[in-house]
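Each chain, written out:
There are 8 protein chains.
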Amino acid sequence: MSWNIYLSGEIHTDWREQIMQGVKSHQLPVEFTSAVTNHAASDAAGDMLGEETNSFWRDHKSSKVNGIRTRTLIEKADVVVVRFGDKYKQWNAAFDAGYCAAIGKPYITLHDEDIIHALKEVDAQALAWAQTSEQVVEVLKYVIDEK
Amino acid sequence: MSWNIYLSGEIHTDWREQIMQGVKSHQLPVEFTSAVTNHAASDAAGDMLGEETNSFWRDHKSSKVNGIRTRTLIEKADVVVVRFGDKYKQWNAAFDAGYCAAIGKPYITLHDEDIIHALKEVDAQALAWAQTSEQVVEVLKYVIDEK
Amino acid sequence: MSWNIYLSGEIHTDWREQIMQGVKSHQLPVEFTSAVTNHAASDAAGDMLGEETNSFWRDHKSSKVNGIRTRTLIEKADVVVVRFGDKYKQWNAAFDAGYCAAIGKPYITLHDEDIIHALKEVDAQALAWAQTSEQVVEVLKYVIDEK
Amino acid sequence: MSWNIYLSGEIHTDWREQIMQGVKSHQLPVEFTSAVTNHAASDAAGDMLGEETNSFWRDHKSSKVNGIRTRTLIEKADVVVVRFGDKYKQWNAAFDAGYCAAIGKPYITLHDEDIIHALKEVDAQALAWAQTSEQVVEVLKYVIDEK
Amino acid sequence: MSWNIYLSGEIHTDWREQIMQGVKSHQLPVEFTSAVTNHAASDAAGDMLGEETNSFWRDHKSSKVNGIRTRTLIEKADVVVVRFGDKYKQWNAAFDAGYCAAIGKPYITLHDEDIIHALKEVDAQALAWAQTSEQVVEVLKYVIDEK
Amino acid sequence: MSWNIYLSGEIHTDWREQIMQGVKSHQLPVEFTSAVTNHAASDAAGDMLGEETNSFWRDHKSSKVNGIRTRTLIEKADVVVVRFGDKYKQWNAAFDAGYCAAIGKPYITLHDEDIIHALKEVDAQALAWAQTSEQVVEVLKYVIDEK
Amino acid sequence: MSWNIYLSGEIHTDWREQIMQGVKSHQLPVEFTSAVTNHAASDAAGDMLGEETNSFWRDHKSSKVNGIRTRTLIEKADVVVVRFGDKYKQWNAAFDAGYCAAIGKPYITLHDEDIIHALKEVDAQALAWAQTSEQVVEVLKYVIDEK
Amino acid sequence: MSWNIYLSGEIHTDWREQIMQGVKSHQLPVEFTSAVTNHAASDAAGDMLGEETNSFWRDHKSSKVNGIRTRTLIEKADVVVVRFGDKYKQWNAAFDAGYCAAIGKPYITLHDEDIIHALKEVDAQALAWAQTSEQVVEVLKYVIDEK
Chain A
1 MSWNIYLSGE
11 IHTDWREQIM
21 QGVKSHQLPV
31 EFTSAVTNHA
41 ASDAAGDMLG
51 EETNSFWRDH
61 KSSKVNGIRT
71 RTLIEKADVV
81 VVRFGDKYKQ
91 WNAAFDAGYC
101 AAIGKPYITL
111 HDEDIIHALK
121 EVDAQALAWA
131 QTSEQVVEVL
141 KYVIDEK
Chain B
1001 MSWNIYLSGE
1011 IHTDWREQIM
1021 QGVKSHQLPV
1031 EFTSAVTNHA
1041 ASDAAGDMLG
1051 EETNSFWRDH
1061 KSSKVNGIRT
1071 RTLIEKADVV
1081 VVRFGDKYKQ
1091 WNAAFDAGYC
1101 AAIGKPYITL
1111 HDEDIIHALK
1121 EVDAQALAWA
1131 QTSEQVVEVL
1141 KYVIDEK
Chain C
2001 MSWNIYLSGE
2011 IHTDWREQIM
2021 QGVKSHQLPV
2031 EFTSAVTNHA
2041 ASDAAGDMLG
2051 EETNSFWRDH
2061 KSSKVNGIRT
2071 RTLIEKADVV
2081 VVRFGDKYKQ
2091 WNAAFDAGYC
2101 AAIGKPYITL
2111 HDEDIIHALK
2121 EVDAQALAWA
2131 QTSEQVVEVL
2141 KYVIDEK
Chain D
3001 MSWNIYLSGE
3011 IHTDWREQIM
3021 QGVKSHQLPV
3031 EFTSAVTNHA
3041 ASDAAGDMLG
3051 EETNSFWRDH
3061 KSSKVNGIRT
3071 RTLIEKADVV
3081 VVRFGDKYKQ
3091 WNAAFDAGYC
3101 AAIGKPYITL
3111 HDEDIIHALK
3121 EVDAQALAWA
3131 QTSEQVVEVL
3141 KYVIDEK
Chain E
4001 MSWNIYLSGE
4011 IHTDWREQIM
4021 QGVKSHQLPV
4031 EFTSAVTNHA
4041 ASDAAGDMLG
4051 EETNSFWRDH
4061 KSSKVNGIRT
4071 RTLIEKADVV
4081 VVRFGDKYKQ
4091 WNAAFDAGYC
4101 AAIGKPYITL
4111 HDEDIIHALK
4121 EVDAQALAWA
4131 QTSEQVVEVL
4141 KYVIDEK
Chain F
5001 MSWNIYLSGE
5011 IHTDWREQIM
5021 QGVKSHQLPV
5031 EFTSAVTNHA
5041 ASDAAGDMLG
5051 EETNSFWRDH
5061 KSSKVNGIRT
5071 RTLIEKADVV
5081 VVRFGDKYKQ
5091 WNAAFDAGYC
5101 AAIGKPYITL
5111 HDEDIIHALK
5121 EVDAQALAWA
5131 QTSEQVVEVL
5141 KYVIDEK
Chain G
6001 MSWNIYLSGE
6011 IHTDWREQIM
6021 QGVKSHQLPV
6031 EFTSAVTNHA
6041 ASDAAGDMLG
6051 EETNSFWRDH
6061 KSSKVNGIRT
6071 RTLIEKADVV
6081 VVRFGDKYKQ
6091 WNAAFDAGYC
6101 AAIGKPYITL
6111 HDEDIIHALK
6121 EVDAQALAWA
6131 QTSEQVVEVL
6141 KYVIDEK
Chain H
7001 MSWNIYLSGE
7011 IHTDWREQIM
7021 QGVKSHQLPV
7031 EFTSAVTNHA
7041 ASDAAGDMLG
7051 EETNSFWRDH
7061 KSSKVNGIRT
7071 RTLIEKADVV
7081 VVRFGDKYKQ
7091 WNAAFDAGYC
7101 AAIGKPYITL
7111 HDEDIIHALK
7121 EVDAQALAWA
7131 QTSEQVVEVL
7141 KYVIDEK
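Chains as they are written, first to last, in my numbering: chain A, 1 to 147; chain B, 1001 to 1147; chain C, 2001 to 2147; chain D, 3001 to 3147; chain E, 4001 to 4147; chain F, 5001 to 5147; chain G, 6001 to 6147; chain H, 7001 to 7147.
Where hints are given, some of them may not hold.
If you want the footprint, here are the derived chain C segments under chain E, 3+ residues with CB under 8 Å [to be verified]: (1) 2025 to 2034; (2) 2127 to 2137.
Straight line, CA to CA, 27 Å or less: simulated DSSO-like cross-link-like pairs of lysine-lysine [stated by the list, open to error]: (3) C/Lys2087 - D/Lys3089; (4) D/Lys3141 - C/Lys2089; (5) F/Lys5089 - E/Lys4089; (6) E/Lys4141 - G/Lys6076; (7) B/Lys1076 - C/Lys2076; (8) B/Lys1076 - B/Lys1024; (9) A/Lys147 - H/Lys7147; (10) A/Lys76 - D/Lys3024; (11) D/Lys3141 - D/Lys3076; (12) F/Lys5087 - H/Lys7147; (13) G/Lys6141 - E/Lys4147; (14) A/Lys24 - H/Lys7087; (15) G/Lys6076 - B/Lys1076; (16) D/Lys3089 - C/Lys2089.
Calculated from the structure, these hints are not laboratory results. Built from N, CA and C at the ideal position, the CB exists for glycine as well.
Produce the complete structure using the sequences and hints provided.
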């Protein structure tokens, strides 16, 4: 059996690459998916349907186009990893976590200890909280490979 | 028909009271519900089941107890209003919005214009974005009362 | 038991009043709901959240506000009556019918014989096709009252 | 991952071919499905089960046979593109859109600007509105291929 | 709490009255519902929408009108009692049982011992098989009233 | 795309072989499944778990074992064909049809004209009624192969 | 709003009465439901449908009759309390917990500390673990009454 | 078609190997999955995310990590076999059975005769009760291979 893992959240550090690298080094049967992580491309996702002058509607249009991808890929995933960095609001990450909770999709949160209080509702429904990418890899290795 | 409205999110200003007051002044048939908004009580929700020394587990336990209430009330609501203030992370509000999106529960966001970019995914699936409590009241009045 | 009937579609003739009148004359335990049928108010439903200069976004915003009402009321209905008149596109009526079909909500179509070919997919999943409001009343009387 | 795209609606222009051609030129991993687009064959779909003299029942029978295909293929699709042309009622296209909205299936509408008002409820729940087949191809390329 | 019991199947004996009488004598909080049991009225349910010359379509039309009632009432029921008599095919009763099985609605079958082999698939998913109306009453009394 | 067709019902004539043969001759991409059609084996399905002296429980046990197969295969099917012959009660066929109706699985009925009245509820929710195996093959060919 | 609480599990101590008493003393708007807790009556629930000589089938029959009640009441409950005592296997309590977990029904476990290891999977999906009936009452009071 | 069988429950005897061996000897197209059956590894599943001093939280954390695997694999399974041994509480096995019952996943129980009374609720919703691994193999062979 192959596992499908969706990587949600923060796009300013290389945590996705770290997890992919670690999983690859263990030769686990995993296919990774993700939202578009090119920030500029993601913000401009709706522009191909016509430019908007109003910033709310530009964002709205782009978010919906991105939603075609994210909703589809989250629904297809076996497990979602949700990363919260130390900067920015990252409400989309919490939004994805709530979406997962509602449809019973298992998710793992990945964040530092100093934001555990702010993330308590998100962590309460997660099946694991990891502090490092290495821990996520270890959990995936255990879940997929252990006898 | 009576409407059940759940008020989610920020607990440091009186937006809930403003909405309840406005709805009452229009005599709309609405019952409001909400998470526990007493911050200290909410953080201590798990303490009655035994004190915890580890802050992660204290938060975890309290969040789960709060979840008995929030999950039940969100499921019963006809509409959810999700408020984002200008302080704090408020990931729980985004989490509730994601939960609503996943189960097809209509929700309205309430927040200032300066955070529209950070909230674009949350707003993209909302059925309305309001900037003031008065607007929420107007929307509810229209939705419930207009012929 | 009380029945909840949602009346969807055309807003330029008095078919809703005819059905309500007929049901009332038979003293059937029915509560009727509907989208907002005041055309101008419906088109302006989003204006209370701020005026839009772009007509697409004005429509978009108003449709979403109307969706808070229509989605909620259709979900609560026991039966939906979908009316197609001889003018206008009325895609929203067909949209409501498709929504009902997908969630297994029984619906009755109400339209003249000259448009049966164009409505064949909509009628194929309806549980009844009526040509007059009187027929809808008769069907409701039978469904609710017959022993 | 391969994507499954269902093309719904208007059958009098070559928009389907344009999209398929465009997607092919980008070598995207897409499988397209559709209702039967041969108009005469579609109208006669029920005739193989016995001829009908009454046109309502002939339509009814054919629509149901077509439903075996359309319902199955829409359920299997990842994304649905719904095309509205400038002629005919095309209630079946709006019906498909409503069906998609109800089951949370992402859909893109494709139509000219002059019918945005009539389609406002259909567009309000779409994840994108395109005016040309090229735009649909661009959106699909972005959704499927962007990093 | 009040219980809602749907009585499905055979319409040629007075088993419904027996159950209602028995339940009433125990003063159980039960509301009974049922398909239309007036055979002639049920067969003619579609006639009010226009006469049909073809008997298949007359039956089809009437069955659909009856479906508005039966589908709604089965969905609302807490328990369904499905009665198979010793005459006629009663495929509609087995159809209702299959419907209940699929949506996880508890049902009780009521039939004589000599048809247990033919009904084995229907009984296998029932939560009880009763041979007499008295037994159904006893089961309901136990389920509703026992401490 | 490959289609998965479940063949339900009567086991005393060779209608399954006729359909499989016809489908094969058209080289349609179809995989067929079915309940166990060896009557004796099916009745004895529970015997391997220990003999029963009571015939109700023997039937019960066998039906449940058969249910492991039938429930799984019906859920996986794209289309179900339900055959009613002129002998026996065949309540299991009607039960399967009701199951399909409840989960929105498209099904085709296959039976002679002389039992249309008894099967009216079953046919009312079917997407096609065929009188011969050839017609079923034609419908499948159209649904799967038509452009 | 009134809350519906289902009390599942151990029937040999008076924990149900303690909870009901405590809730009553706080005048909380709660309606309690439960399986039949009269052990002898529960074991004999199927006897009214005919005596069985085989103990497996007697149990089977009674469990199914009890299932009419338990499944219905668990589905209707807002919260389920699952009690594990220090004697007996109580697999039915763990079964109810698994059922709740699968349908997203919030549940609270009630058991002593010495069985936490054996109950770790059951507790992992519970929203609270209480060691005393008083704690359950406190949690309910908080969940229902706190502002 | 390939079948996916999840083996749940007791980990102290070699029943899993017996079933896998038997299925292999019949060359059935089956893929088996299971929770981690290495007891020590399973208990320590959460340790890789940081050691816990409190035994409740260590168990909690490990159970959740195990849940990523078990929930995913049970959802993907066609059939679940649930084994109860003669030692230990094995509440997790009953929990899995309840989970299966709630989502309509067919399951087979495997246990000795002396615990049938304690397991009556679990067995009542199972589709088969086997006493030996050989019987499970026979049932799978019949379900998968019989014509």
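Hey, G/Lys6141 versus E/Lys4147, does the alpha-carbon distance stay inside 27 Å?
-> This hinted pair holds, its Cα atoms lying about 25 Å apart.
Going straight from one Cα to the other, do D/Lys3141 and D/Lys3076 come out at no more than 27 Å?
-> 20 Å, holds
Take the C-alpha atoms of A/Lys24 and H/Lys7087, compute the straight-line distance between them, and say whether it is at most 27 Å.
-> Cα-Cα ~41 Å, so violated.
Within the assertion that chain E covers the segment 2025 to 2034 of chain C, do at least three residues meet a Cβ-to-Cβ distance smaller than 8 Å?
-> violated (count 0)
Does the alpha-carbon distance linking B/Lys1076 and B/Lys1024 stay inside the 27 Å limit?
-> Roughly 21 Å separates the two Cα atoms, so the pair holds.
Given the proposed pairing of A/Lys76 with D/Lys3024, does the C-alpha separation stay at or below 27 Å?
-> 24 Å, holds
Holds or violated: the segment 2127 to 2137 of chain C covered by chain E, criterion of 3 or more residues with Cβ-Cβ distance under 8 Å?
-> holds (count 6)
Taking only the CA atoms, is the gap from D/Lys3141 to C/Lys2089 under or equal to 27 Å?
-> Cα-Cα ~32 Å, so violated.
For the pair we were handed, G/Lys6076 and B/Lys1076, check the Cα-Cα distance against 27 Å.
-> 12 Å, holds
Mind checking the alpha carbons of F/Lys5087 and H/Lys7147 for me, to see if they're no more than 27 Å apart?
-> Roughly 22 Å separates the two Cα atoms, so the pair holds.
Given pair status - H/Lys7147, A/Lys147, alpha carbons within 27 Å | 35 Å, violated
27 Å Cα cutoff - pair D/Lys3089, C/Lys2089 | 6 Å, holds
Comparing the model with each earlier hint shows violations of hints 1, 4, 9, 14; every other hint is respected.
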